[in-house]
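So the protein sequences, as listed, match chains A and B. Using my numbering, the first residue of the first sequence is number 8, and each one after it goes up by one. Using my numbering, the first residue of the second sequence is number 3, and each one after it goes up by one.
Keep in mind that a hint or two might mislead.
[Said to hold, decoys possible] Cβ-to-Cβ under 7 Å is the rule here; a few derived chain B residues that face chain A: (1) Glu101; (2) Glu105; (3) Asp106; (4) Val178; (5) Pro186; (6) Ser415; (7) Leu443.
[To be verified] Far from chain B by the CB rule (all over 10 Å, computed), these chain A residues: (8) Arg32; (9) Thr48; (10) Ala68; (11) Asp84; (12) Arg278; (13) Leu324.
Hints listed in this document are in silico derivations from the structure and should not be mistaken for laboratory results. Small disclaimer: the values here were computed from a predicted structure and weren't measured. We treat Cβ as the ideally placed atom computed from N, Cα and C, and that holds for glycine.
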Amino acid sequence: MDLIHPPSKGDVVEVLRSASADATRVLIVGGRQHMGKGNPTEVDAELWTTQLDGLVAYEPAEMVAVVGAGMRFADLDRILKDGGQEWPADAPADATVGGIIAAAVTSPRRLRVGALRDTVLEVELVTGDGRLIRGGARVVKNVTGYDIPRFVAGSLGTLGAIVQVALKVKPRPKSRRTLVWNTEDSIAVGLRLLEAVPSPTSVLATADRVEMRLEGWPDEVAAQTRAAASIGGGFEALDEADFPSRAPWLTAPIVAEVSTAPSRLQAVAARAGGNWAALLGVGIMWVGLDSEETLARLRDELPDDAISPVVKGSGGLGDSPPAAAIHQRLKASFDPTGILAPGRFWGEGA
Amino acid sequence: MTAIESAHAELSQALAPERILSDPLESALYARDASMFEGGCTLVALPVSTEEVAACLRIARDHQMFVVPRGSGTGLAGAAVPFGNALVVATTKMNRVLEIRTEDRLAWVQPGIVNLDLVEELRPLGYTFAPDPSSQQVCSVGGNVGTNAGGPHCLAYGVTSSHILAVEIVLPDGTVEVFGSEGPEWPGYDLRGLVVGSEGTLGIVTRVCVRLVPLAPAVRTMLLDFPTVEDCAATVSAIIAAGVIPAALEMMDQLVTGAIENYVHAGYPTDAAAVLLVEVDGLAESVKAQALEVASAAHGNNVRNVRVAETEAERELLWKGRKSAFGATAQIAPDYHLHDCVVPRTKLAAVLTDVYEIVRRNDLKVLNVFHAGDGNLHPLLVFDRREPGALDRVLRASEEIVRLCVQAGGALSGEHGIGLEKRDFMHLVFNDTDLGAQACLRDAFDPEGRMNPQKVLPSSARCGDHIALRGNDAVPNELPEGTWI
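Looking at chain B on its own, in the form it has when it is part of the complex (with noise of 0.2 Å):
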């Protein structure tokens, strides 16, 4: 018996015979995520309880198999793709909600819940998770965790990790922990946020206790149409600083909201160069307030119209119209490659302008959706990859777009993370110190890297040599033959 098999067997006896895949066609299906990458996995487990999660790295432990986690599969820079000798565990079929307590504000949920189950959950109660990405249809409150996701309403809210306050983990060798607490603080350093964001490579998350946050009394939803993008992005800054901190600040241009509008009929302005969806709540009384500040900021900056949703049948097409936008590129080309950079927020309009420069000297086309308030850029690059050459161009100046918004001083995601996309970009932002220590972090938890390997950091990034660990030859340093985009 060779070991994949002698772990095949012992998988199958801790879970269930029918929740271990092998056949090469099923465990096809977990060799991509959203991301352009493919890879390959030899075995799939679909754990339902922390007991067997632990149970599955305690045998990937034995056969010296790499774990690769993985959520919902929506993620878009390949962290839940697997290659070689990997076992994929999949928390999809760990997806309830275990307990609610609104008296504390949180809520104890397993990993696979889909984010927005949880959501209609917790509305009747008064009460929202706000992380709020634009696959909240199916991504996992787990995967959210693994990216430290974001969405539209982190700009008044905050990133995931301001709403996870404590999260189960089952530790590479197979223990389990608990990193965080229902308390607001700790003793100790903050596990709980170094998990959150580390892209599955500390260990498998497998219940999560998420803050709960009030419905905000009010809510008003504008669309603000401009004659320019510089226009457009100069109100983003002209709102933050008359010190207003809309809910949502999205900004599309042209080509996008022609696509949208084609596809749900949202009512966007197709003439206009570019609109911003802005959203304000709290209190009646501060709703009216930031809304004159934002029109008044539109007003300094030549918009041409602004709209309020009188309805909520209106906010909803409004939002429709945004949460749509990536399905409707699909009229323009049939792939599309969505980026994930950020910017400081004065510098946007003139990072836009290079983004429009790099992907015109490139015969490409650009849609840029994208959350402006947090100067999160999301150029989606859409074309044909039967068209000879066509991925070729859209990796360079994928590149070209890293680079820029590098330059300007910003990050290389702001949500998606890094997986594989942005590995051997990660020396653009750090030195080899930096990433040393980052390797440092994960060692830590993972002395024997096992855990999603290939993962976040490139393959120089070594734990400092004076710190006995361990060596990372363990791991193998370069992607295998047939990891491809």
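Pulled out of the complex, with its shape left as it was, chain A reads as follows (with noise of 0.2 Å):
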């Protein structure tokens, strides 16, 4: 195995120019943490981004951030904590923010940030056989041709290389708080407080309790207090703790990504078995499990609607999308000579 550690665009270009003439397969790897997302996919050499981790530009009365693809994320944050802001995609600390989009991250804080592809602004790209492009700008509203920006947002870096970003981002809030729930009976509480609470950041159930995220003003972030408050029930207030509190989904060997109507959680947990973490009112669970076949199992019983990729550990995908021919015809416009993580995605024929 091969490994490739560009030191700029320019560098970048030129490594998968020469891959493609040569047909080596190629891995983009940022920070390592969404290694496990998508199929198994065999390479001869890996190209890490993380050299290019250079601030372009940021100036906090535009809310955009301009960063190399290769940054990592606590770095990003530090950075945007001077100027009172965040971009809200909750991720490991060692993650860089080209691994990031490229594997499409929900935050938990979902419900009230968005989703991520929604925050990238601008992207520029190394295509499959090393074309230099950029989509999108770096203005918070644009529609000048089409969504690139959104496009390789989840693409798995089975497109090309993205290399630099431009990206939205918002106001660090004021003050936050979690409030923690123990009940089994914890969809039905949580959908309680979602009826009951203006504006929660999160409502997270999991198998034993609900954590309600709650964020902004302060005296806001009380009068969401009290109304969660009106449900009835002892909880536990955590001031500016992490959110979620805890999250022993993510040790299991295997994370599935179900994506669902929201009121379908309550189906999918009754056959996830113990290990699950669900955010109401946006439709996302993650399930902890500890086999393939367990995974195998899940997705057998899912009900129709419902997705489930795997963000960590084997099992892949799942099903293939729709437009099949679609995707083949995107990914041999990116990667002519499908040198990019081969299978990792659809679009090989496969």
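Join the two chains into one complex using the hints; note that each chain is given alone, in its own frame.
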């Protein structure tokens, strides 16, 4: 296995151009935090993006940060904190910005902060055959041709190497609090909270507790806490704590991310064993599993509309997407020789 | 029987004869949208179902016709303007809400539903569809998808793409697919995201799954007036820098407020150089805190007066003023050309100064009414097209404004799209490699180049020769004679 560690965008162009010419299969690697996502792939070389970690531009009054894709999440967060802002990806500290985007990571705070792909304003990508292309713009609103930033988000390094991005960032909450209920009736309690509390940042249910995240102005968080108390039952308040306060599903060998209409989460939970976490009102459930067999069983029993790609461990992406021919043509136009993570995604005719 | 005649016969059979228009007078109504372009079309189809849209596309393919999708026709960039051998497929009769599921925070709607009709249907349930373009009384949700529409409230709530969970689409070959899902994530490329904002070039959307947003429990609307445009623009940056993202942050200059006052009597101060209409929403506690920050930012920048709407009626009147701005311009001149560029927020004041200078040099009048919080400028050039040379001066000034915004690090369009109007400006912001990649995206959906040709990408943009997808030669390169503005 060759390890390639290019120091500049121009070097990435050269590397991929020559890899395409001599059919070297390449895996684009950032912080190695999302390696399990996608179907298994065999490659001849890894291209590390971690030297592309510079800050290109950041002006807090613009709420836009332009960074090299190899910048670590913790480093970006430190820079934004100085501007009183954040990029709400909630990814591991060592994850790179490019890797987080390529894996389309879902934040546990998604109810309030939205989809990660909505925060990618501009992207520079080196295609499989070494073309440096740019899509989007460094402004918060833009309808100028096809939405390449959203297209690249979640593409798992199969279209090209993300080398630089402009991100839409947001003010850091002035106050944050997590309220915790210990209950085995967690989804029902969580749904009552969703009804009773205006604009919570997250309501996360696990098999035996509910954690509700509140963020905003101090008076706002106080009012939300009072609204939460109105549903009855004792709860614990954790101020300025990490969210979620614990995440046992992350230690399982396999973590599947189930996506479904929010009202189906209860039905998924009934089939998911005991180690899961559901984002109520959003429709995401992370399920900690011990083997590919339990994953297969879960997939068999899911409601029809639910989808469950693996985000950690083995087990792949599950069923193939609609419009396979379009996927194949898109893959072929960005990676004509098919050197980028062959098979990790669809689009290889598999 | 000519190809067109056979297409007409087949369409009449697949849909219904009265829903296929070919009379020159009737089809002339579909030869324009709200832009300054006028084209021409051969046939117009008014389908009522996904199956009928699929039939339209199959028949168009069989008879080698181009297809131009159309919603309410309120687009400002010419994306719905047909020409030549084109079948216009208008979705206006597909205007139903199919299903509302508040427990899932989603609704399935047909593309022809009017934006405001959907919003009104959702309001009693405590929810809304957030995109609110100024044309929301008439524009369709399908059109919103086509242009990735914005509106005043997308500052806090995001553009249309953030509010579309899934689309059902008929592809150019007549096959039907659903991209996206009722759940928030899906494996596979974000084909949903590519369709949103594609201006009808990838297929025809036949059902839309929209995300519902809970209505905010409290809202406060304020009107701030300033002695100079610079103070007003500086206040925009100061509000954002204070960590406040208002629900809306709209700026209007003196020519606009004067016209609005004459027209709807909204109580705007006509002696102010510029006003800001600011709306904050959320919990009552959050609204109060945000309003204090907004007032403080304004006081730091020489605000003359901070007026807070005390009643719902007063709030509605302030908004009525803003939303009537384009109509109010008719008092000044019979025609207008509305621009749509985005610049970094911190460059607003400098760019506005230069816009005034460009307009002065070209002996024109401009009204500025725009989404300041997003940096989304809407210089409105008013003129009388009967006056010799006026249109030429407008077009010249428009081009100068586009170049100015691009030089400031901006984008060609924030919410109106590229259409015909700006496709030849695309090379100002993208190089040939970038545009080639976009052409490849388009070809992946529409290998025969049948959907809405000539729109969005300049004719020079080609998917690279090394990619054996197709030759683009089927698509005409130049606009035909008679397509004029």
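Restraint check, 7 Å cut-off on beta carbons, for B:Ser415 near chain A: holds, 5 Å
Restraint outcome when B:Glu105 is required to lie within 7 Å of chain A by C-beta distance: holds, 4 Å
Check on A:Asp84 being off the interface with chain B, judged by Cβ distance over 10 Å: holds, 16 Å
Closest CB of chain B to the CB of A:Thr48 still more than 10 Å away: holds, 15 Å
Minimum Cβ distance from A:Arg278 to chain B greater than 10 Å, as the annotation requires: holds, 16 Å
Distal placement of A:Leu324 relative to chain B, Cβ over 10 Å: The assertion about A:Leu324 is violated, with a minimum of 4 Å to chain B.
Status of the B:Leu443 interface restraint (C-beta, 7 Å, chain A): holds, 5 Å
Given as non-interface: A:Ala68, which should sit over 10 Å from chain B by C-beta: Per Cβ check, A:Ala68 is inside 10 Å of chain B; nearest 5 Å; violated.
Interface hint for B:Val178, Cβ within 7 Å of any Cβ on chain A: Nearest chain A Cβ about 10 Å off; hint violated.
Hinted contact B:Asp106 with chain A - closest CB pair below 7 Å: Since the shortest Cβ distance to chain A is 4 Å, the answer is holds.
A:Arg32 remote from chain B - nearest C-beta pair above 10 Å: holds, 19 Å
B:Glu101 as an interface hint toward chain A, with CB separation required under 7 Å: violated, 11 Å
Comparing the model with each earlier hint shows violations of hints 1, 4, 10, 13; every other hint is respected.
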